[in-house]
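Asks: Chain by chain, the residues:
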Amino acid sequence: MARFSRSERLWAVLLAVSALMVVLAHQMPVLRGFPTALTLPLSEALNAVITPVFEALRPIGRLLSTMIEAPLAAIRAGLAWAPWPATVLGLAMLALYAGGRRLAVFALLALGVVALMGYWPKAMNTLALVLISVPLAVGIGFALGALGHLVPKARAGLIFLLDVMQTWPAFGYLIPLLLMFGFGPAAGLAASVIFSIPPMVRNTMLGLDEVPPAIVESALMAGARPGQLFWQAKVPVAMPQLMVGVNQTTMASLSMVIIIAIIGGFNDIGWEVLSAMRAAELGRSLGAGLVIVLIAVLLDRITRGFAGRRRGVAPRWLGPGLMAALVLALLLPGEALLPDEEGQRWLRRLDAWLLGFVAWSAPVFAVLRNAITYGVMLPMRLGFSGAASPMVWGFALSAPVTLTYIAVSLGGVVALGCRAPWRGIGFGFAALVFWTGLPGFPWPGVFLLMGFATWRAGGAGLFALAMGALLLAGVSGLWQPMMQSIYLCAVAVLISFAIGATLGVIAAESDRFSALLRPVSDTLQTMPQFVFLIPALMLFRVGEFTALIAIVLYAVVPPIRYVEHGLRSARADLTEAAVQMGATPWQLLWQVKLPLARGSVRLGLNQTIMAALSMLVIAALVGTRELGQQVYVALSRADAGAGLIAGAVIAAIALVADRLLRAPVA
Amino acid sequence: MTKKSMNAAVSLLALAAVTCGPALAAGPGAVDEPIRLAMLEWTGAQISARIAGKVLEKAGYKVDYVTAGNYPHFQGLADGDIAASVEIWLNNVGDVYPKVLAEGKVEDIGSLGLTTNEGWIYPKFMEEICPALPSWEALKDPDCVALLATPDTLPNGRFLDYPADWGSRAATIIADNTLPLTAVPSGSEGAQIAELRAASAAKTPLVMMFWAPHFILAEVEVGWVEMPPCKDQSNEHCIMPPDVNKVVWSGFSQKWPAAYEILKAFRFSTEDQQQMMLAIDEKGQSLDAVTTEWVAANEATWRPWLDQALN
Numbered sequence: 001m002a003r004f005s006r007s008e009r010l011w012a013v014l015l016a017v018s019a020l021m022v023v024l025a026h027q028m029p030v031l032r033g034f035p036t037a038l039t040l041p042l043s044e045a046l047n048a049v050i051t052p053v054f055e056a057l058r059p060i061g062r063l064l065s066t067m068i069e070a071p072l073a074a075i076r077a078g079l080a081w082a083p084w085p086a087t088v089l090g091l092a093m094l095a096l097y098a099g100g101r102r103l104a105v106f107a108l109l110a111l112g113v114v115a116l117m118g119y120w121p122k123a124m125n126t127l128a129l130v131l132i133s134v135p136l137a138v139g140i141g142f143a144l145g146a147l148g149h150l151v152p153k154a155r156a157g158l159i160f161l162l163d164v165m166q167t168w169p170a171f172g173y174l175i176p177l178l179l180m181f182g183f184g185p186a187a188g189l190a191a192s193v194i195f196s197i198p199p200m201v202r203n204t205m206l207g208l209d210e211v212p213p214a215i216v217e218s219a220l221m222a223g224a225r226p227g228q229l230f231w232q233a234k235v236p237v238a239m240p241q242l243m244v245g246v247n248q249t250t251m252a253s254l255s256m257v258i259i260i261a262i263i264g265g266f267n268d269i270g271w272e273v274l275s276a277m278r279a280a281e282l283g284r285s286l287g288a289g290l291v292i293v294l295i296a297v298l299l300d301r302i303t304r305g306f307a308g309r310r311r312g313v314a315p316r317w318l319g320p321g322l323m324a325a326l327v328l329a330l331l332l333p334g335e336a337l338l339p340d341e342e343g344q345r346w347l348r349r350l351d352a353w354l355l356g357f358v359a360w361s362a363p364v365f366a367v368l369r370n371a372i373t374y375g376v377m378l379p380m381r382l383g384f385s386g387a388a389s390p391m392v393w394g395f396a397l398s399a400p401v402t403l404t405y406i407a408v409s410l411g412g413v414v415a416l417g418c419r420a421p422w423r424g425i426g427f428g429f430a431a432l433v434f435w436t437g438l439p440g441f442p443w444p445g446v447f448l449l450m451g452f453a454t455w456r457a458g459g460a461g462l463f464a465l466a467m468g469a470l471l472l473a474g475v476s477g478l479w480q481p482m483m484q485s486i487y488l489c490a491v492a493v494l495i496s497f498a499i500g501a502t503l504g505v506i507a508a509e510s511d512r513f514s515a516l517l518r519p520v521s522d523t524l525q526t527m528p529q530f531v532f533l534i535p536a537l538m539l540f541r542v543g544e545f546t547a548l549i550a551i552v553l554y555a556v557v558p559p560i561r562y563v564e565h566g567l568r569s570a571r572a573d574l575t576e577a578a579v580q581m582g583a584t585p586w587q588l589l590w591q592v593k594l595p596l597a598r599g600s601v602r603l604g605l606n607q608t609i610m611a612a613l614s615m616l617v618i619a620a621l622v623g624t625r626e627l628g629q630q631v632y633v634a635l636s637r638a639d640a641g642a643g644l645i646a647g648a649v650i651a652a653i654a655l656v657a658d659r660l661l662r663a664p665v666a
Numbered sequence: 001m002t003k004k005s006m007n008a009a010v011s012l013l014a015l016a017a018v019t020c021g022p023a024l025a026a027g028p029g030a031v032d033e034p035i036r037l038a039m040l041e042w043t044g045a046q047i048s049a050r051i052a053g054k055v056l057e058k059a060g061y062k063v064d065y066v067t068a069g070n071y072p073h074f075q076g077l078a079d080g081d082i083a084a085s086v087e088i089w090l091n092n093v094g095d096v097y098p099k100v101l102a103e104g105k106v107e108d109i110g111s112l113g114l115t116t117n118e119g120w121i122y123p124k125f126m127e128e129i130c131p132a133l134p135s136w137e138a139l140k141d142p143d144c145v146a147l148l149a150t151p152d153t154l155p156n157g158r159f160l161d162y163p164a165d166w167g168s169r170a171a172t173i174i175a176d177n178t179l180p181l182t183a184v185p186s187g188s189e190g191a192q193i194a195e196l197r198a199a200s201a202a203k204t205p206l207v208m209m210f211w212a213p214h215f216i217l218a219e220v221e222v223g224w225v226e227m228p229p230c231k232d233q234s235n236e237h238c239i240m241p242p243d244v245n246k247v248v249w250s251g252f253s254q255k256w257p258a259a260y261e262i263l264k265a266f267r268f269s270t271e272d273q274q275q276m277m278l279a280i281d282e283k284g285q286s287l288d289a290v291t292t293e294w295v296a297a298n299e300a301t302w303r304p305w306l307d308q309a310l311n
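As given, the protein sequences belong to chains U and V, one line each in that order. Be aware that the first sequence starts at 1, since it is given in my numbering, and climbs by one per residue. Be aware that the second sequence starts at 1, since it is given in my numbering, and climbs by one per residue.
Source of the hints: derived by calculation from the structure; they are not laboratory data. Certain hints may be false.
To be verified - Okay, the calculated bits of chain U under chain V, using three or more residues with CB under 8 angstroms as the criterion:
| hint | region |
| --- | --- |
| 1 | 256-264 |
| 2 | 343-357 |
| 3 | 569-581 |
As the list claims (entries may be wrong) - In silico EDC-like cross-links for lysine to aspartate or glutamate, where the CA-CA straight-line distance does not exceed 20 angstroms:
| hint | chain 1 | residue 1 | chain 2 | residue 2 |
| --- | --- | --- | --- | --- |
| 4 | V | LYS283 | U | ASP209 |
| 5 | V | LYS283 | V | GLU293 |
| 6 | V | LYS99 | U | GLU55 |
| 7 | V | LYS105 | V | ASP79 |
| 8 | V | LYS58 | V | GLU33 |
| 9 | V | LYS140 | V | GLU226 |
| 10 | V | LYS99 | U | GLU44 |
| 11 | U | LYS153 | U | ASP209 |
| 12 | V | LYS255 | V | ASP81 |
| 13 | V | LYS105 | U | ASP209 |
| 14 | V | LYS124 | V | GLU103 |
| 15 | V | LYS255 | V | ASP64 |
To be verified - Have a look at the derived ranges for each label pair, beta carbon to beta carbon:
| hint | chain 1 | residue 1 | chain 2 | residue 2 | range |
| --- | --- | --- | --- | --- | --- |
| 16 | V | GLY104 | U | ARG58 | 15 to 21 angstroms |
| 17 | U | GLY78 | V | ASP95 | 35 to 41 angstroms |
| 18 | U | GLY78 | V | GLU293 | 43 to 49 angstroms |
| 19 | U | THR36 | V | ASP95 | 19 to 25 angstroms |
| 20 | V | GLU293 | U | PHE513 | 28 to 34 angstroms |
| 21 | U | GLU44 | V | PRO241 | 45 to 51 angstroms |
| 22 | U | TRP81 | V | LEU147 | 45 to 51 angstroms |
| 23 | U | ARG349 | V | GLU293 | 23 to 29 angstroms |
Idealized CB from N, CA, C, for every residue including glycine.
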């Protein structure tokens, strides 16, 4: 018999208590769902408080929005005035300056495609939005980052704030922003700035912190005043890291283009994606999505080019190219040159192909959908006790079946627990969850287990956060949607991580596969996820399964990236030693490389969870019953309080999951 | 505010507008300031907005078109950031619209004149596999229900409902008639259209809540279920064709008096709208070209609106 450590003993007791609750829950319905008697009209109360606050903030909001709209209109008018060949050439020259000849050619091709597809004016409107929101986010982010660097006391609070800003779904706070800024691009821009500040802050703090002490000291020796030390010594040294921040901020702000379009008022590419989604037109939405991907990749490479650029001479073609762009701009008429509707017609043909494919492949996909629904989703949602019915699995939950389940579970716990108590306890919890289904797990048990886990992993702060979130969800009547969200995300994370990690392992072994995979990953991450919903809907119909597919398509990218990165940067001397000792490739992978890459793999898992949670609101568009749907409903009812509460619960789930994964294993 | 009482309020307002009578021969007002018209997400509303805009331009006004989300744009209308929205489906206005209407920040200026329909539809091929269709009795037939069943709804058939936030009565009507169906919320309009397209292409059975006029009905052949008798005539137990009205910002009539009269007179037929939708969505013609063509061909329709307002 293995000896139990203290924490193992505690977990064993928790397992026993949970098992008791599960048994009792069959007799006492009050244990199953959070009791409705305990719910309070929280969202009404919140509305009563925040509506006047935001109404009072209106004059400031209106002032800000006029201040933003003037330069926005100017940029927009300038981009609309310039004939597209001139703009393309000008941007290509910028690319040449930042990243060399290959990037310039890419810029020419990418922007040419945008123009040919007939999206040029909308793409320019999007570019105008990005050109306004990025400098704002970079400016505010730099200031906050500098604050965090100079005032270490403010740092903990700042980092928590950044985490909240990145995990709180923007849909959840659009209504208060709309109240404050009024209808128009300003409200959407504010949401975009809120979401894209954090990477700038983090990179600013990192860059300033890592300035070598020798440089600081020599500046002090030279008699630099604090201002000089900061601006003339630290900032220039930290510049490459700051540029990484600019790059990440640009990407984040592009990903918010769709959110701005939800409000509307700007006739940009995001609006086009939403309109196409509304009409369920794959061709149009794919075209518009491709425009966003191309702009994202181009801006990414250009800003990255500036981040890594050494000061040097300008390329030879730069001067003549810019001159040519200027001449074109003055000579050519602006709007008359736009290509006609041919590109759009061509995109529409895609829809006919898709329908043909759907008609042809429907039986195959029906089998796949049914297999995963019956085999994975229904058991996870209803549990064994719910799925074992003639309707789902074809047999009833009779006494012998129940007894067999109990016997197998107990047997598993004892057999595994004898060798290593951890495994036995883990198996016991798995058997319990599999019996009830995740959403049906007794709610006091969820409080108990989460409370214990967060206390051990993160102390009082994390404990308070987790308990607060659970209580908030329960009291505001969101317990069931919350458990549904956790269940949907859990299934999605399991599938994404399994597929993504496998692809990452293969990519780490084969350079060619890695090169093939990279553009696919880039596209999956920057393409607005709405685009994937249309084919998924046609193949798998409205419901959780389609939501699952959409979430997996987005959340599969982080494990690919992090696992590949981790395996590739495994220390060469250690893998070499293993090969010398005669390890097979399989042993090398499992026993040397993966353990070495543990940190990176864990970060990948963390990012998978974040990605899955961030997709919940979008998944609501295909008819789910989770928190994302609540946020969405609140948005359309303009119920600011309900949106904020559902958003807060999503953010809290993300934060708790993040902290639990980051903590060292107990 | 419930839908019914809201509809009542709307019709009262319309009545008041009629009895007070239009102030004839109004001045044009601020012709230099553009009238900002809402361009909502769907093609029908964009056609209506463009035509209203082009008619206003004929009267000498400047017009800006503002793309706007359906729910957020009520806030814009209330604040005057958007001056008018000419195709508002009163069955889908969320909670902001009734509020700003009650506060007097927006003004309902009457019906657009579209003949609308709302009800349960199915792809036409289903009449072969459920011969009792279009009668609602078909949805009681176990064989037909079995065809509609999915793992999520077993043993019931699956009924695709409006998105959760639109407030549909389908679940109540299903319960009223003890139909063996489970209503599944669809999440978005796009999801409903995608399902209808796929169902028609792959011949998979489907019954769902829908409305007309809609461009998809020109593309996919559907049948409308003959509904069971309503339990009572309330909005919860009965589906009635929704009203589609024109709404302006409360300051509109002050700022552009003649334009106000024109928009009030502006009416538009379902047939015209449907033909234009087809030209845009199916034949890939541009919105601008199609609406310009209509304005050129239908001067007899819109000229009186202008004459009445300006002379």
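Asks: With reference to the structure, classify each hint as holding or not holding.
Replies: Hints, verified against the model:
1. 256-264: holds (count 4)
2. 343-357: holds (count 5)
3. 569-581: violated (count 0)
4. LYS283(V) - ASP209(U): violated, 60 angstroms
5. LYS283(V) - GLU293(V): Since the Cα atoms of LYS283(V) and GLU293(V) sit roughly 15 angstroms apart, the hinted pair holds (cutoff 20 angstroms).
6. LYS99(V) - GLU55(U): Distance ~15 angstroms between LYS99(V) and GLU55(U) Cα, so the pair holds.
7. LYS105(V) - ASP79(V): holds, 7 angstroms
8. LYS58(V) - GLU33(V): Holds, at about 15 angstroms.
9. LYS140(V) - GLU226(V): Roughly 13 angstroms between the alpha carbons, so the hint for LYS140(V) and GLU226(V) holds.
10. LYS99(V) - GLU44(U): holds, 15 angstroms
11. LYS153(U) - ASP209(U): holds, 14 angstroms
12. LYS255(V) - ASP81(V): It holds: about 13 angstroms lies between the C-alpha atoms, which stays within 20 angstroms.
13. LYS105(V) - ASP209(U): violated, 53 angstroms
14. LYS124(V) - GLU103(V): violated, 45 angstroms
15. LYS255(V) - ASP64(V): At roughly 16 angstroms apart (the allowed maximum being 20 angstroms), ASP64(V) and LYS255(V) satisfy the hint.
16. GLY104(V) - ARG58(U): 15 to 21 angstroms: holds, 18 angstroms
17. GLY78(U) - ASP95(V): 35 to 41 angstroms: Holds, since GLY78(U) and ASP95(V) (Cβ atoms, about 40 angstroms apart) stay within the stated range.
18. GLY78(U) - GLU293(V): 43 to 49 angstroms: violated, 32 angstroms
19. THR36(U) - ASP95(V): 19 to 25 angstroms: holds, 23 angstroms
20. GLU293(V) - PHE513(U): 28 to 34 angstroms: Violated, since GLU293(V) and PHE513(U) (Cβ atoms, about 54 angstroms apart) do not stay within the stated range.
21. GLU44(U) - PRO241(V): 45 to 51 angstroms: violated, 33 angstroms
22. TRP81(U) - LEU147(V): 45 to 51 angstroms: violated, 58 angstroms
23. ARG349(U) - GLU293(V): 23 to 29 angstroms: For GLU293(V) against ARG349(U), whose Cβ atoms are near 25 angstroms apart, the range 23 to 29 angstroms holds.
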